[in-house]
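S.K.: Chain order of the listed sequences is A and B.
Read in this note's numbering, the first sequence has 129 at position 129, and its numbers run on one by one without any break.
Counting the second sequence from 1 gives a position; this note's numbering is that position plus 1000.
These are computed hints drawn from the structure, not numbers from a lab.
Remember, it's a predicted structure, so these values are computed and weren't measured experimentally.
Take the hints with a grain of salt, since some may be wrong.
[Said to hold, decoys possible] Examples of chain A residues lying across from chain B (beta carbon under 7 Å, computed):
(1) 47
(2) 116
(3) 123
(4) 164
(5) 172
Note that beta-carbon positions come from the ideal geometry of N, C-alpha and C, so glycine has one too.
Number of protein chains: 2
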Amino acid sequence: MTRVTLLLLVVATLAGVALFTVTTSRHVNAQEPMPIFVKTIPPGYRDWKVVSVAHEAGELNDIRAILGNDIAINAYREGRLPFPEGAIVGRIAWSFVPSEENNKTFGREQSFVAGSPTDAYLQFMVKDSKKYAATGGWGYSSFDKNGKPTDDAGMKSCFPCHQKIKERDFVFTRYAP
Amino acid sequence: MTRVTLLLLVVATLAGVALFTVTTSRHVNAQEPMPIFVKTIPPGYRDWKVVSVAHEAGELNDIRAILGNDIAINAYREGRLPFPEGAIVGRIAWSFVPSEENNKTFGREQSFVAGSPTDAYLQFMVKDSKKYAATGGWGYSSFDKNGKPTDDAGMKSCFPCHQKIKERDFVFTRYAP
């Protein structure tokens, strides 16, 4: 082995060690931690108080109730931002359908109501600043009508959109008095 | 006084008595009782559970949350009809407005949210079969954003429309699970 070849081998080995160190340290030090998605539906959510209501048109084409647990509702009513630890904001989305029975009674095409559950029937944001530090202190979850969580690939679209409204502590819905 | 004059006087008196009797008996027997409209807002309604949500287009152009007190919610969940005494179904109606801040974040015109309170901001149906017998056992109320009740003339349009859905115990909104 020539001196040149030996030198190249030493350089290549050092470079490899350096690369390995950088790669692992990124995981160990959690400089860019992976998002953690929530996989359980908060118990009793259907009894929660109303934050507001909304209609998402276009591809979603749903009508929705946005609800909050007591920690979230109290924060909303007090105008507190950021939301305190333990706050959960949820939303139920039903398909947006004309009510033929109402329209017949009213005598005009006027009434749109909650139909069947949508594919992303239930969604929640759970505030835990430490556990969900990678996604602004909120853990995200989404479930279909059977309670099946959305897969992690699908969940990766949550934070990039919520991240745009950091000044509202990442929460879209405003309280409707 | 001639006999003819006396006869006319007797006839007129009898007719008067008869008219008085008919008039008073209509009220006493309550054959056509007047509707009674409720003038007070049920305390704590904003904390009630969600029955469903809806959008009324056209002149109303609102988005609404339909809520129920515990008696109403329990009856809905059990599928009980008619609703039991003490049930109250309420609805809050906000103007139906596009959310510019949401649309900007989403990058598309998609989001409609609850805006300012509508003219008929709050409405309630209170079940009391005896008190509100004239209107199917439900007392109706309506309030603007300042809590001012709608005048009785305006309230007379409630029952003629609800009367058409007697088979649903006069209640339009179905429970959205």
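S.K.: So, for every hint listed, does it hold in this structure?
M.R.: Now the hints, each set against the structure:
no. : hint : result
1   : 47   : holds, 5 Å
2   : 116  : violated, 10 Å
3   : 123  : violated, 15 Å
4   : 164  : holds, 5 Å
5   : 172  : holds, 6 Å
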